[in-house]
Each structure stands twice: as C-alpha cells, then as structure tokens.
Amino acid sequence: MTRIFAAMFGFRSIVYKEFLHIQRDPTTLIFALMTPMVQLMLFGYAINFDVRHISTVVVDMDKSRESREYVQKLQNTEYLTVTHYVATPTEAQKMLSRGDARVAIVIPPDFSMLYGTSTRPTVHVMVDGSDSQVATPARAAFQSAPSAAGGVNAGQGVDARITVLFNPQMRTQVYTIPGLVGVILQLITVSLTAFSLVRERENGSLEQLMVSPVGKLGLILGKLLPYSLLATFEFVTVLTIGHFLFNVPIHGSVVLLFVLSVPFIVAALSMGLVISTFAQNQAQALQMTMLTVMPSILLSGYIAPRDTLPGFLLVISDLLPVTFYMQIIRGIIVRGAGFTDLLAPISSLIVISFVLLAAATIRFRKSVE
Amino acid sequence: MAEPTMPAIELNLLTKRFGDTTAVDALSFAVHKGTIFGFLGPNGSGKSTCIRMLCGLLEPTSGSATVNGFDIVRESESVKRSIGYMNQSFSLYRDLTVDENLSFFGGIYGLRGEQLQRRKADVVELVGIGRYLTRQSGKLSGGWRQRLALAVALLHEPEVVFLDEPTAGIDPVARRDLWDLLFSLAGAGKTLFVTTHYMDEAERCNEIAYIYLAKLMVRGTPQELKRLPELSPPGTRRVSVACVKPAMALGVLKSLPFVQDATLVEAEIHLLVEATSKDQDVVDALEIAGLRAEGIREIEPSLEDVFVTVTRNLEKGAKR
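Here the protein sequences line up with chains D and Y, keeping their order. First residue of the first sequence? That's 11 in our numbering, and the numbers climb one at a time after it. First residue of the second sequence? That's 40 in our numbering, and the numbers climb one at a time after it.
No wet-lab data here; the hints were simulated from the structure. It is possible that some hints are incorrect.
For the chain D half of the interface with chain Y, some residues (derived, Cβ under 8 Å), not all of them [what the hints assert, rightly or not]:
#1 L30
#2 Q218
#3 S222
#4 G346
From the derived model, a few chain D residues whose C-beta atoms are all more than 12 Å from chain Y [unchecked claim]:
#5 G20
#6 K27
#7 L50
#8 R209
#9 N213
#10 S215
#11 V224
#12 L239
#13 T318
Glycine residues also receive a C-beta, built at the ideal position from the N, C-alpha and C atoms.
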C-alpha cells in the first residue's frame, strides 16, 4: 500500500502543472483539437465516390428532335451533364485529352431515320479512362438501367458502342501512380522547408546570420536550392519506379512534365517557407505541415474526382498547387496531352506558385527583421 | 598618449521605443578604440536592444549612432562588415564541425580560397581550438564553444567586436582564459563592447556604462565610478568586518542604528556606517550577540556597491 502511495507521489501537482502548460501554449491545443474536426469534414465531404454530372461533349450530326430527346434522356440519368457541343469527332476527342470533358457522344446523321426501327442507330461513345471512378458511372449511363427521372430507359432502342480511351484496361495504377508523384513531391518539399527557418530561430543561428552581411535573397535562395535538388531527385525516382515497377506507360512528353514540375516545386517550397515563418517552434511546424497534407490528398482530385466536392471545398481545392499539378501530370502521362492541351491548369499553377513565392518572400523578410 | 582619433562607437541620443515602452532612452556616449567597454545593467534594462541597434539589426526610433564611423541606419551593411558578434547563447551550427562552422561563416563574410584558409588558421591559433577542428561543435564543452564563437566573430578581422554575456554559464577557468584572450585582442587594437553580470569582469573593463530602466545611470572607469559622491554620502564610511559565523553576524549588524547598509562579501561583512560611529561599537554589538569580531578595516566601495547604490537611489526617487 505504501509502495503504491510512494509511486503516485506528486500526481496532483503534475496534473496541475500539465494544465498550466496547455493553457500557456494555446496554439498547440487549438491545432490538436481542430485537426480531427478538419479531418472529419474532409473525409466526410471529399471522399464521395458517387460520381454524378460527368462533363460530356456531344457531336450531333443528325440535329433532329430524336437526337435531342436522346441526349436529354441521357442527361436525365444524372450521370452525365452536357457541357459542350462540337462539330466533329476529332474536336470531341481533343476535348477529352485536354480534360475539358470526360465523355464524348457522337450521334450519326442517320440517327432519326433508324430510331424506332428494328435496325437500332449506332452511337459512338468515347470515355476518358484515366480515372476509373469517372469511367465506370459514365458507362452506366448507357446501360439499360431505368433512370431516376420518369423511368424511361435511355439505352433503349440505341446501340451505344463505348470506347475507353487512354487507359482501356482501366487499371487503377495508371491513374493513381501519376497522382501519387504529385502528392509525394509536395509532401517532401513542404516538410523539408517547413523546418528550415524555425530551426535557425530556435538555436539562435538566425541572429548570427543577421549580423553578417548575408543578403536576404542569398539566404532564401541558398536555403531553397538544396531542397529543390532533393525534390527533383525524388521526382525522377518515383516516376521511374512507377513506370518500370508498376508498369505505368508515359504517353506524353517527359521533358514537358519535367519543365512543368519546376513551378510546382517552387510553389511547394514556398508553402513550406511560409509555414516556417509562422511556426514558433519545430512542433508547430510539424503540425502545420500535417495540416496541408490532408487536403492535398483529399481535395486535389487524387482520391476522389473533384466533380463531387461541395462548393467551399472546391475553393480550397482551387488554391492548392497540387490540384493543378495533378491535372497536368495525369494529362501528360495518361492522356498524352501536350502543352496547348493543358494551358488552363498550367496557367493556374504558375499564378499560384508566383503568389506563394511572393507570400514567402514577404513573410521571410518580416520574420528576419 | 594616443593621438585623438574618431571613436570606435558613438551614440547620440539613441532611442528605441516598442509601442508605449521605451527600451532604450536617449543614450549618448562614446567608446574609444582599443578599449574593453563594459556595458552593464540588469536583465531587461535595454542592453540587448541597444546592441541590436548598434549591429544594424534594429532601426532606432530616434537619435543616431556610428560604429567604425558608419551610420547604423544609412550604412548598416558597412557596419555589419566591420563588426564581430558573439551571442550569450551558443548560436553556431551544432551539427557542423568546428572547421565547417569556420568555413561557413568565413564564406558569408566573403572570405575565399587562400585568404579564408589563412584567416581560419589565424583564429584557430588565437583561441587554441586546433585539436578540436573535426569535432561537431554541439559536442564541445561550454568553454570551447564560446572560444569557437569568438573565433567566428574574429574571422573577418572586425575592428569592433560585440560580446553579449560571452561568459554566461561557463566554468571559472574557461572564463579566465576567455578574458585573457580579450585582453590580448584589446592590446592588438580591437575595440570590445562587452555585457556581463560578473563584477570581477566589470573590474577588468577600461570603461563602464551602467544602464537601468533604459537610461544611462553612470559612466566612467571602474576607479571613477567607485569615487562617485553618492557612494560615500557625507558623514559615512565603509568598513569590512571579519568575524566567526558571518551570516549570523550580518543579521545583528543590520539592526544597528548607525549601520546604513550591510552585505556579505567573501566571508566578511561590508558595512556602510555613520562616520561618527567607532569600530569598537561594532565589536561590542557582536559580543552582546555572542559573536567575536576578528578584525575591522576601512575599505573602498566595490563596483557592486556602485550599481546597488545607483539602482536603489533611483528606486527611492521613483517611490517618492
């Protein structure tokens, strides 16, 4: 009994002291309590494999009442939403490789003539197979399952010939591995740089540097260069492993991919640097880094398609550099997209990386003064 | 007698305010070349803020200062090139070896190639750290770390070196060695601007400035400060009493009406007594308490007396 008492000696004082510590460091407490809530929101909203309203391009060469009705019936399944009309199948295919649409429907000129006869009209459908979570429901729209609206079968009376483009076997790795390259690349660069300034501040060496004639630009770029080399090495490694070990074919230009990885790495490094200027100690830097990881995986389109995100999460998704890099790397590797096909995500990525770099520079200047 | 030259450091009503608080209040003084200047004051009195301004890290709110003739605001880059800086906490890279730290800091001061090697060899010899060159600096003892920090501060041959509590937390032998180094540097013409809380170190300075609550209280050589009139108010004298059980005796002597101040120094009791009192009064008072006095002698005020008196006088003035 006395031994237990001796072992527990000081218990109350320790509890009291721990509460004081918690109270003195509210930042850590807030992060510890907020993180699970943020995770719940992200997992709850972002992981939605129930993909609906897939963007669709239509080539209507018949332009009849019947063809319009057919398109309407397809839309009534809610799987598809027609976003574009173009004149030729070539243009439609281009839209798919750009990522502007996921499904292309080509309605032949004899559609209305054959509709309702024993020779069913043939409709050619091209589905973007680079994301199997999109491709599967897209195909479902053309099956003869009854639609939600009106119980009319969209597929009845029409012979839909479906071609899966880009990833015909619909292998999961073909679209997860390229996405993973982006996620890993961001994780490693952010976590490497997030500590760079905090560490210097904690051990006092930042002050020793500031009394020296070292320039602020020399300091910031000198810190970033070694980490960008590490990030580049990591990029090449992950890509090589993905290509040879997981058998992911690279359809587009490796050089283009390499070049477009530069603004992404700049953006990720700047993000880490911004964290480094806000964090008071290394523990906080770690917490903040973890906070960027979760949305980068869940909101970037890596796990679930962005189409399913509710509005406010879509805004966050639009602010993440990895979102646009994901579109670029999947475009190049899976769909063989070229520079002009990817203008939209490329310009977004460049804008974001400039904004982040500017934020990092301003924050950095402030925190060393 | 040295020819009259430009002072190494000159402050002219240098002031720094953070919001409502004044951290440094209108400091004006000059530090001459080749001297060891002791910058003293309690923690929070504004010493570090002042040094940070003089090193070009902080802009003053008003007033001005020059270091090596360079204006600390307009020519802060030239100031940085001409000064060395050694912090109270070890602020080099612990995971780098002694040699790597020297190479890195030499590099950011623009030293390259043969010049860098020569300067490194010079400072390594000066502080005597040659046998630890390949050791990670985090694994050095406190005294050797501070020597390395001093070596780094001297790499680019600065004329002025700022040392912010260079001996805090190191053992007495290392402390003595470091001061021997500082003397030889001053002998070689360097100007050393040192902060310390150790009175024996303050005694070793050529000149001292004591600041309290952001203001300059007193300034002068240690000898001049000890002769300040407020230290020996008219009608008082200072004596040192040697006796058995001095800690007990201190309580007895403090309660005597003619004793104005009493403190224990090196097992003796230093008293500020009224000049009319006699040594025999002290002996008698101790005997009544059952204690025996072994000797009483007249003494000069110490530097500690200077700072304590100046600070207490100001506090009394503030209360009134």
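ask   = In ascending order, which of the hints set out earlier in this document are inconsistent with the structure?
value = 1, 4, 8, 9, 10, 11
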